[in-house]
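Taken in sequence, the protein lines are chains A and B.
Just so we're aligned: the first sequence equals residues 1007 to 1331 in this note's numbering.
Just so we're aligned: the second sequence equals residues 588 to 971 in this note's numbering.
In short, the hints are calculated from the structure, not lab data.
Just so it is clear, CB atoms sit at the ideal spot from N, CA and C, and this is done for glycine as well.
Careful: at least some of the hints might be erroneous.
Have a look at the derived ranges for each label pair, beta carbon to beta carbon [claimed, not checked]:
| no. | chain 1 | residue 1 | chain 2 | residue 2 | range |
| --- | --- | --- | --- | --- | --- |
| 1 | A | Glu1251 | B | Leu698 | 32 to 42 angstroms |
| 2 | B | Leu712 | A | Pro1062 | 45 to 55 angstroms |
| 3 | A | Thr1040 | B | His885 | 56 to 66 angstroms |
| 4 | B | Leu698 | A | Gly1091 | 43 to 53 angstroms |
| 5 | A | Thr1040 | B | Glu635 | 28 to 38 angstroms |
| 6 | A | Pro1062 | B | His873 | 45 to 55 angstroms |
| 7 | A | Gly1091 | B | Phe715 | 35 to 45 angstroms |
| 8 | B | Leu712 | A | Gly1091 | 42 to 52 angstroms |
| 9 | A | Pro1129 | B | Phe715 | 56 to 66 angstroms |
| 10 | B | Gln949 | A | Asn1232 | 58 to 68 angstroms |
| 11 | A | Ala1037 | B | Gly608 | 46 to 56 angstroms |
| 12 | A | Pro1062 | B | Gly946 | 43 to 53 angstroms |
| 13 | B | His873 | A | Gly1178 | 26 to 36 angstroms |
Facing chain A, according to a computed beta carbon distance under 8 angstroms, are these residues of chain B, among others [unchecked claim]:
| no. | residue |
| --- | --- |
| 14 | Ser697 |
| 15 | Arg756 |
| 16 | Tyr776 |
| 17 | Tyr833 |
Non-contacting residues of chain A with respect to chain B, defined by C-beta distances greater than 10 angstroms in every case (computed) [what the hints assert, rightly or not]:
| no. | residue |
| --- | --- |
| 18 | Lys1117 |
| 19 | Glu1214 |
| 20 | Gly1273 |
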Amino acid sequence: MIGLRGWGQVSATGQGIATLVEAKPVITPRAVKTAFGEREILTYTCAEVTLPASVPEPVARRMSRLSKMALAAVDEAIRDAFPSGLEDTSRLGLAVGTAFGAFDLANAFQKRIYVEGAIGASPSLFAASVQNSIASQISAAYKIHGPCTTVMTMEHTALNTLRAAYDWIEAGAVDHAVVVIGDEVSDYMAYTLAHQPASRALNPTRDEFTMIAGEGAVALVLSRANPRVKIAELAIHAEKPPAVERFFTAACGMKNQHGRYTAWLGGHAATSHAALYGGLITGAAFETLLAALAVRDDGQPTAVVQLSAKVSDRDEAQFLVLSPP
Amino acid sequence: LPQNSTLSITGLGILSGAGHGVDETMRLFAEDVPAPILSPALPVIALEARPEWRDGIADEDPLKVNLFALTAAREAIAQAGLTRDDLRTLRVGVCLGSTVGCSNFQPKFSLPYNTGEFPDPSPLLTHFKNNSAQWLSRALGLRGPTLLVSNACTSGADAIGIAANWLVRDLCDVVLCGGAEEILPQIYYGFKSMMLCSPELPRPFDKSRSGLTLGEGAGILVLEKTRTPRRPLARFLGYGARSDAYHPTAPDPSGHWLGVAVQEALGDDDISRVGFVNAHATATEHNDLAEGTWLREHAPHTTVVATKGYTGHTLAAAGAVEAVLTVLSLREGKLPVSRGFAESDPRIGLAPTTQIARGNFQTALSLSLGFGGTNSVLYLGRPS
């Protein structure tokens, strides 16, 4: 049996699981310059995170905001899962999932080239903007020597990342795996959203455009040893919903999204908690964390469902079922 | 990770500086291989997307990297003999490695955005539909899981390893796996800023090597369980992946975790019994020193081949392009000349092939090392 042994998070509610439970997200206005003048959008915003003291300041300075959020979440999850400390890190894997990566930092690297020409290319920005730099920084911080992978499959990122880590344990390649999934609200994203219909109070169960972008990272420790919640099923290509009664979905207020979830679930209630953490393409990671907390507390098996973004006429579905160990 | 599993490679597709397609790539096994041509704009082995590659796709403005993936995938599908019915009825997964295929570095939006203009954000919105793995699955009308892995230079090998896991766990029936890469100018400038680029074609393991030469390309394999009726071209024998946790851009000079990944891929087999090793061999100072030294110490009698002198370093596609070349070498019983190598670096003490090498190779390793300290190894063999 493989399950979740520890967890951590950073979101607009703050740093740490306790802040998520407290459920007071910070939603801030953000002014964005557009061709039509300055427009204001709302975003769920993460405050500056506190990194573990073991991360040297020069290293922290070169990290992207997303890397910092991911590292802070991982630190909480590792301390939660291994209160006596990590032992054999050659048997520990790391899977990072992100839809967009460290967008702002990657753009900072590009911008200098566009403005200054080839001479503007910065080696340190380039190294930090490589998509697997988050995995690299976390693996170096905790000396993780098992497989380290970075998954970027847009809306299917979260459950694909969990599946990759799950398979490492199944195959006996590692004993435990740290999974961290997240994204940041980049300047690019804010610019794009400023050109969309006006955001309003986020309601993930309404089929109108109410999306307010969120950011953050969720870290989960997968293990066969002492899991607090069992991974009962993990389907990265699903033809039909699992046989459970409670469904958490990654619906985040995009147009026609909630209706698609309820249709795919055959009329079951499609609960989403995006109002807590914001509209995130990797929102299934937050739903997984919330499902784990719910299963731990009430023992009711819970599915997390992810449908594909509406870029074709197909509904590609994925789901994860968590249950008591 | 999968070892000695009963998985077969039944189709191959390749685009690289070594040739467009398997047939053209076979010229590597002849003595008079033409040297790849560097682009006049940048010292990169670039590929032109041909108009016919767009045939049959609805996307009016596809990314070049996605056309590379599609073209190589179509070749692999044809070679495997997968019919339209197969593609419709089987659970066909897509697992790809790419850098550009999951980023938004396309200048169409980012150039005006970063130079004070206020461009229409629609090119950015197309990022949602351009993820290479998802795009390829939709373009081919497939029904199965899709995943894109972006582990820098080991991505292609990792995608094949993940795909093997999918089959072992019965998540799908067939997987199109491998990698595709496009070299945008800013990627070249990034490597150049780190002083890793050669102004000429690369000289892997050579005493006077001067850095890597970036290249565009794609390598796609059809991977499936051996029980299918399709004729296997090669066997997938194992995959190993370990992390140095050492430095963001340089490998652990001891090669220790590369060695652990090699042994993980080999399972109970011994490296001394492996037919040949297709080395990562980027021709950079650090890679060749770490990888070459490890090979000299741990596989002193094993034939080593380095192929980036033909393809350039195709980054996230490299592991897949080299997996295709490894399968072709196993089937031909020949290894190409390691183009660019002339004189061994005494600090490494390794000499890859300098002439066409013939042998009854039964098995081979394909090594990949990447930024972030990733080490990924594929273990492949001739069909039983």
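For each hint, the structure was consulted:
1. A/Glu1251 with B/Leu698: 32 to 42 angstroms: violated (51 angstroms)
2. B/Leu712 with A/Pro1062: 45 to 55 angstroms: violated (39 angstroms)
3. A/Thr1040 with B/His885: 56 to 66 angstroms: For B/His885 against A/Thr1040, whose Cβ atoms are near 58 angstroms apart, the range 56 to 66 angstroms holds.
4. B/Leu698 with A/Gly1091: 43 to 53 angstroms: holds (48 angstroms)
5. A/Thr1040 with B/Glu635: 28 to 38 angstroms: Holds: the Cβ-Cβ distance is about 36 angstroms, inside 28 to 38 angstroms.
6. A/Pro1062 with B/His873: 45 to 55 angstroms: Given a distance of about 22 angstroms, which is not inside 45 to 55 angstroms, the answer is violated.
7. A/Gly1091 with B/Phe715: 35 to 45 angstroms: holds (41 angstroms)
8. B/Leu712 with A/Gly1091: 42 to 52 angstroms: With a Cβ separation near 45 angstroms, B/Leu712 and A/Gly1091 satisfy 42 to 52 angstroms, so the hint holds.
9. A/Pro1129 with B/Phe715: 56 to 66 angstroms: With Cβ atoms ~31 angstroms apart, the hint is violated.
10. B/Gln949 with A/Asn1232: 58 to 68 angstroms: violated (44 angstroms)
11. A/Ala1037 with B/Gly608: 46 to 56 angstroms: Holds, at about 52 angstroms.
12. A/Pro1062 with B/Gly946: 43 to 53 angstroms: For A/Pro1062 and B/Gly946 the Cβ distance comes to about 50 angstroms; the hint holds.
13. B/His873 with A/Gly1178: 26 to 36 angstroms: Holds: the Cβ-Cβ distance is about 32 angstroms, inside 26 to 36 angstroms.
14. Ser697: holds (6 angstroms)
15. Arg756: holds (6 angstroms)
16. Tyr776: holds (4 angstroms)
17. Tyr833: Holds, because the Cβ-Cβ distance from B/Tyr833 to chain A comes to roughly 7 angstroms (cut-off 8 angstroms).
18. Lys1117: violated (4 angstroms)
19. Glu1214: Check passes; 18 angstroms lies beyond 10 angstroms.
20. Gly1273: holds (24 angstroms)
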